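**Q** Just so you know, the protein sequences line up as chains Z and R, in that order. Each residue of the first sequence is one higher than the last, beginning at 1 in the working numbering. Each residue of the second sequence is one higher than the last, beginning at 1 in the working numbering.
It is possible that part of the hints are untrue.
Straight-line C-alpha distance at most 25 Å; calculated SDA-like pairs for lysine to any residue [claimed, not checked]:
no., chain 1, residue 1, chain 2, residue 2
1, Z, Lys14, R, Thr209
2, R, Lys2, R, Thr209
3, Z, Lys57, R, Gln142
4, R, Lys49, Z, Gly63
5, R, Lys200, Z, Lys265
6, Z, Lys14, R, Ile123
7, Z, Lys47, R, Ile123
8, Z, Lys265, R, Met30
Everything labelled a hint here was simulated from the structure, so no lab data went into it. What you are looking at is a predicted structure, and each value in this text was computed from that prediction instead of being measured.
Residues per chain are reported as follows:
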Amino acid sequence: MDFHLTREQEMVRKMYREFAETEVKPLAEEIDEEERFPMETVEKMAKLGMMGIYFPKKYGGAGGDVLSYAMCVEELSRVCGTTGVIVSAHTSLCCAPIYEHGTEEQKMKYLPDLLSGKKIGAFGLTEPGAGTDASGQQTTAVLDESGENYILNGTKCFITNGNVADTFVVFAMTDKSLGNHGISAFIVEKSFPGFSTGKHEKKMGIRGSSTCDLIFEDCIVPKENLLGKIGQGFKIAMMTLDGGRIGIAAQALGLGEGAINEAIKYTQERVQFKKRLSQFQNTQFQLADMHTRMQAAQYLVYAAAMKKELHEPYSMDAAMAKLFAAEAASDVTRRAVQLFGGYGYTREYPVERMMRDAKITEIYEGTSEVQRMVISSHLGVK
Amino acid sequence: MKIIVCVKQVPDTSGKVAVNPDGTLNRASMAAITNPDDLNAVEAALTLKEQTGAEVVIVSMGPPPAEAMLREVLARGADRAVLVSAREFGGSDTYATSQILASAINKIGVEKDDIVMCGRQAIDGDTAQVGPQIAEKLGLPQVSYAADIKKDGDTLTIKRMLEDGYMTIKVKTPCLVTCIKELNEPRYMSVGGIFECYEKPYEVFNYETLKDDPLIDATTIGLKGSPTNILTSFTPPQKGAGMMLEGADKATCEKLAGIMAAKHMI
């Protein structure tokens, strides 16, 4: 087993880190404090190919691989969880399902603008009454009399990138009597009549990311915007979330690593009892445990990314990576705050933000409980 | 049209500088980076490429591991790279280095509308000699310390930054320009550029490749061909932190004059 990155992967990591330290880190505190979406950063990332990393150049992608994408989310999240999830939701939840399930016409129409970052993508599955139980979709899609358009009605909630996206992959019931098999997927443009977005959600963490409702009031969606076949929506949603979990696992990984980085710096400077905190065995053992957990998380995340790249089954790997990385990130960021003591609880240092940001990784794109359901079902445990 | 850019891999002196007991730089213990001013030259070339469609060729003299740096420059958008590398070239000072680089540039070929670009100076030697010496050896007009470059046909209008002001010069191609950090903000490598950089043309010029150039002669290259002798090298003592006085009022000026008078500066 080869644990080495390719020379190109080493290079992209170096580039991501330079970019994150220079362009992303200086904004992290401000966008959190002001709940401001960092559009200027997205424009810079777009120029560097970071909004379409693992897609073919034919569609405007950068021609990279899935691991290089995961590393991008990881490196951004080391300094800013918000910026990490912007790339993750755009890539995994909007670009990926269009690339994997779209017709050639749909790909040629939507991917070049999305992958070049001219447009931002989002994903609408969750509803007020359909969270973990995604099959309980209340949004409906009915073919109109002309047979040319679907008419969508309903509300989606907690949609990442919702207020800034131009292109959405949205799920709706086309036949309630069929349950999961009655759900279909659609590509919806912001400009479609009857589409609007709701108010910005005030969140605990990732406060610079846009999170809002998507509202469909007799929204007219041309029938050629059906993504995949009729009734395949639930399957497309689950496959998309498998990929999305690699992105969120990478976000959690970055948050944990970033917190360790900050804690190492701080404990080497802070003096109590005439000793640097780093000289206390408690600090050393804490940091050793924290690093070990994040290193284990990294192996899981990278393994899932490599399996996806090789088109091997990776659903369970992605679930394990997300479950472990998210719980590790929550634990590690909390311990980092503890090592900082009172200063860690203030907004003067980034670890309290990292702790708030980390919590969401245990919840969105499938809670930790859902990941356990996925893993146990792969084990055949019923 | 093509733009040939000379780049050098240097030890990163922005962190801790490691010095061997004999006073030479301990390169092995320091990270290798692309010389910062050279990245300004690369950026200037890439900007001109975007405006004119020029081909950007990167040249570096150094040991084989310098390939990694050249690939990074290709990942920023350069079209092809040449590494000049041979035992015979080792130990060269600025005179010998410029001799070898000039022969490599001759080999690549400088045509009427071409430009050669260099960084002002490398952060390891800080001589600022190699660029101007290459120009002399190639018989090209040179403009150093470029802080702004505009191209109109075969004429470059260059703003040179000097210690006490600016000088604007017009020069016709072919010419050599040395670039300073005020010229531009170097771009990052792009993801697409990185995944292409190992597929772009990459050549190594060794002694055999260049030996027929009249500039290449055992007496003008390598350690033997280097007239520079280093008698001693040392780390200069750190300067103390300066004192900043803020304010444009008379009291501040009087305070400044008082301090300068006390130090017998005025």
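**Q** The structure should be examined with respect to each hint, and the outcome stated for every one.
**A** A quick look at each hint next to the structure:
no.	hint	verdict
1	Z:Lys14 to R:Thr209	violated (33 Å)
2	R:Lys2 to R:Thr209	holds (21 Å)
3	Z:Lys57 to R:Gln142	violated (40 Å)
4	R:Lys49 to Z:Gly63	holds (23 Å)
5	R:Lys200 to Z:Lys265	violated (40 Å)
6	Z:Lys14 to R:Ile123	holds (21 Å)
7	Z:Lys47 to R:Ile123	violated (29 Å)
8	Z:Lys265 to R:Met30	holds (21 Å)
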